[in-house]
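For chain E, the structure is supplied; the task is to place chain S on it using the hints.
Chain by chain, the residues:
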Amino acid sequence: MKRLLPVLIVLCFLGAVFVCLPKSSVTERSISTLEDVNSCTVGIQGGTGYESYLAEVCPNAQAVFFNEFASIYPALQQGKIDVMLTESIAFAVEKTEIKSLVAVKEPITVLDYSIGIAKNAQGSTVYQQLNEFIAKCRADGTLDELKDYWLDSYDRDNVTVDKSGITGENGVLPMAMEASFEPMCFAGKGGELIGCNIDFIYRFCREYGYEPEISMLDYDAMTAALSAGKITMAVGVIPDEERSEAVLFTDPFLDFEVIAAYDSGETSAESFFVKLGGSIHKTFIRDSRWQMFVQGAVTTLLIAVLAVIFGTVLGLLLYLWCMHGKKAEQAVTNVLCWLMSSTPTVVLLMILYYIIFGAYAVSNIAVAVVGFSILFGCSFYERIVSGIKAVGIGQEEAARAQGFNMNQTFFLIQLPQAAEHFMPSFQGDVVTLIQDTSVVGYIAILDLTKMSDLVRGRTYEAFFPLMVTAGIYFLLIWVMTLLLKRVSFAVNMKNRKPEKILKRLTKGEIKDE
Amino acid sequence: MIELQHLKKQYDSATPLEDVSVTINQGDVIAVIGPSGTGKSTLLRCLNLLETPTSGHILVDGEDITSPRCDLNRVRRKLGMVFQSFNLYEHLTVVENCMLAQTKLLHRSHRKAYEKAMELLRSVGMENQAMRYPSQLSGGQKQRVAIARTLATDPDIILFDEPTSALDPLTVDEVETVIAKLSRQGRTMMIVTHSMDFARRVSNRVFYMDQGGIYEDGTPEQIFEHPQKELTRRFINRLSTLDMLITEENHDLEEEINRIHTFCTVKGLSPHRIVNACSVYEETLSIFYNYFTKGSKTLHYVFVYNAAEDLLTCTLTPYTSTKWEEVATKVLTSLETKLITHSIKRYWEDKTEEGNGFSSVYEI
Chain E
140 MKRLLPVLIV LCFLGAVFVC LPKSSVTERS ISTLEDVNSC TVGIQGGTGY ESYLAEVCPN
200 AQAVFFNEFA SIYPALQQGK IDVMLTESIA FAVEKTEIKS LVAVKEPITV LDYSIGIAKN
260 AQGSTVYQQL NEFIAKCRAD GTLDELKDYW LDSYDRDNVT VDKSGITGEN GVLPMAMEAS
320 FEPMCFAGKG GELIGCNIDF IYRFCREYGY EPEISMLDYD AMTAALSAGK ITMAVGVIPD
380 EERSEAVLFT DPFLDFEVIA AYDSGETSAE SFFVKLGGSI HKTFIRDSRW QMFVQGAVTT
440 LLIAVLAVIF GTVLGLLLYL WCMHGKKAEQ AVTNVLCWLM SSTPTVVLLM ILYYIIFGAY
500 AVSNIAVAVV GFSILFGCSF YERIVSGIKA VGIGQEEAAR AQGFNMNQTF FLIQLPQAAE
560 HFMPSFQGDV VTLIQDTSVV GYIAILDLTK MSDLVRGRTY EAFFPLMVTA GIYFLLIWVM
620 TLLLKRVSFA VNMKNRKPEK ILKRLTKGEI KDE
Chain S
636 MIELQHLKKQ YDSATPLEDV SVTINQGDVI AVIGPSGTGK STLLRCLNLL ETPTSGHILV
696 DGEDITSPRC DLNRVRRKLG MVFQSFNLYE HLTVVENCML AQTKLLHRSH RKAYEKAMEL
756 LRSVGMENQA MRYPSQLSGG QKQRVAIART LATDPDIILF DEPTSALDPL TVDEVETVIA
816 KLSRQGRTMM IVTHSMDFAR RVSNRVFYMD QGGIYEDGTP EQIFEHPQKE LTRRFINRLS
876 TLDMLITEEN HDLEEEINRI HTFCTVKGLS PHRIVNACSV YEETLSIFYN YFTKGSKTLH
936 YVFVYNAAED LLTCTLTPYT STKWEEVATK VLTSLETKLI THSIKRYWED KTEEGNGFSS
996 VYEI
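Sequence lines, in order, name chains E and S.
Residue numbering for the first sequence follows the working numbering, starting at 140 and increasing by one per position.
Residue numbering for the second sequence follows the working numbering, starting at 636 and increasing by one per position.
Bound conformation, chain E alone (with noise of 0.2 angstroms):
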């Protein structure tokens, strides 16, 4: 059975990249105006707000709305939506990718391409100065040779950001813009960043002597981030009434057409072998992509191992505070682990990201291991708590009769005992805390999955990055568990060795009194 595993698992693989690679779906329809349109379920990016202008143009077409770009161009090839809207600035990059991908003429409307600004003290400042810059770009021609260079004569595998020349002297500027948004923004060769946005703004620093700190939100997170004052600048956002409320917006520095995109179903002659052998190159080797699963995997990673040790070590805390403590300790601490036991994961992170740390400079990192932490430390106490409560009072009695201390009874007695009846929980729980870790994306950290995302994004195809990144939590969870086994078995007193007992028990003179 053990021999046939592993071929069986191949086999498992093989079949499913059979099933899944990206086919065409057969259109029935022709769709060539806006009048066609007005009878398509229609795939948008949520937040962006083209609903209302498909509303104007196309009033009966059905709008589907997606986290993120990425996942709209899969929903697209298999069926799920007919029409996808994408803006004229990426549609050249996405028709290299997707050779099938045929644009309608008419665009659905034309917008502005700005940055969202905090109203906050550097914010008033920096507003001042990037309107002053924009100005000067559009009259010396700036921005003309960026949109050249960028857009109208890209050239993918050339491109490069000028990043020297950064003094920082005015200060750090915290930014945000959306990844994975090819070619405003994107991780380029070994994961760099790189793109339109990208190029304009080290522009802007260089020339204001601003050092960027370049974080990758979602698009609607963005506005959150603003007025949680945790950015000063989102970068690439359509100025809106609502939105300028709580945000500045500069004039625009470019412009760009919101399109309706079809799959015309039409299937390149070449094999399969040769379509899946692209498919892993694009996803791993172009651009030294792997490397962005490893980062991922090494930020998944290094969260879930800080979270569980400062977890434990939390959980244990908390029960000798307890411990020591009277009913009002004991009520607080319950009250914290029904609060976290009952938060989702996501918005804990968030609450913790954008409200208690919003005003300070902690890594995103820091504050995941933080709320992580937190979590685990709460799962552990109650833990500990049950397993202490299988041990029972009797030998607590006879410990604290003998003449121990609480802190003695509890580490020489309770706590071995304890560890036994709760070791098994203690690792499923790591377990979840590895998965749970998956929604990090959120407070814009580059972890695994946010990693497979921004690669879904540049190769608009799921099922590598999708199965890979499972590979790798499944790889992650496996060792993981293996090494808490081993930990479960060392704990175990009972499996100490009767001869190292002894020797440890009789080494050792005996002295004359």
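Because the hints were derived from the structure by calculation, they are not lab data.
Small disclaimer: the values here were computed from a predicted structure and weren't measured.
Ideal placement from N, C-alpha and C gives every residue a C-beta, glycine not left out.
With a straight-line Cα cutoff of 25 angstroms, these simulated PhoX-like cross-link-like pairs (lysine-lysine) come out:
(1) E/K639 x E/K624
(2) S/K747 x E/K633
(3) E/K642 x S/K747
(4) S/K643 x E/K465
(5) E/K642 x S/K739
(6) S/K747 x E/K639
(7) E/K639 x S/K739
(8) E/K636 x S/K739
(9) S/K739 x E/K633
(10) E/K286 x E/K234
(11) E/K244 x E/K286
(12) E/K286 x E/K302
(13) S/K747 x E/K636
A short, non-exhaustive set of chain E residues, derived as facing chain S with CB atoms under 8 angstroms:
(14) R539
(15) N544
(16) R643
A short list of chain S residues far from chain E (calculated; beta carbon distances all over 10 angstroms):
(17) D699
(18) G775
(19) Q846
Frame of chain E, contents of chain S only:
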């Protein structure tokens, strides 16, 4: 050595100790007896503050341990305690149980603690089990280890909280022997027990507890032979026990019948009940000997006469190496038909943990 001054313990629903003042001297072996719920265990647990007294003072060697300034953990080392439910440290081996307090509290070297632990285990006959874990031991063995563990820290007084109540009758003896040996060595001890026989054998001072305190305090002779006070007299006379452990080797039918006969006659029972008592014994015995032809067998009979309620009961617990379940039904029906003729009430008690299946109780 220990002096209690107006000790009071009050719970929400009951006040087991109203006002207890007594002095315990070096060399006292005190048996604490009395009806259930009269605060025997509470008194014992107050002595080392496992229960916090509501009011009053406890002086140990002149030091008031109820004062908040007292280093309780240090005082507790002077008072060893043996529990009804043993409370051995389940994650440690037998010898480690006896060493932990020595190394961690008295800071003795491992080697020295080990030698001491082994010596004590030898004295309670457990040296061969030193490397086993408590879960691998029988009740009697556990309690002997618990006694060795308590002795390891050289306490000035040992408190026994019903040390044999959780044991099956076959192993009670081994624990009682160990305690009796300690008593002969002149150790100061305080023993809460339900066994009058044991109390009388081992102690040199008896507390009869009732009415929220130590009702009568005297020598075993005084308490058991000539109780001075009314409630003590009633308690001593109320419950009389005849305990017979029948094995194949010591079995002598005639003598056993004689013992039952004498026991009943002394209690002033009617001839009819005496006959019934004897026939319960004879018939159950013959049935068990009929059905358990293979293997060793031991029958434990306890006759208890409760004078206050004029109630005579006989409890029979069989111990046998034969699989009990296999013949259980046959024995049960057999007992049913035989005893029905004597209009004797019989009921079964599940004693799976202690005996080899159950005990049967007969009201005669």
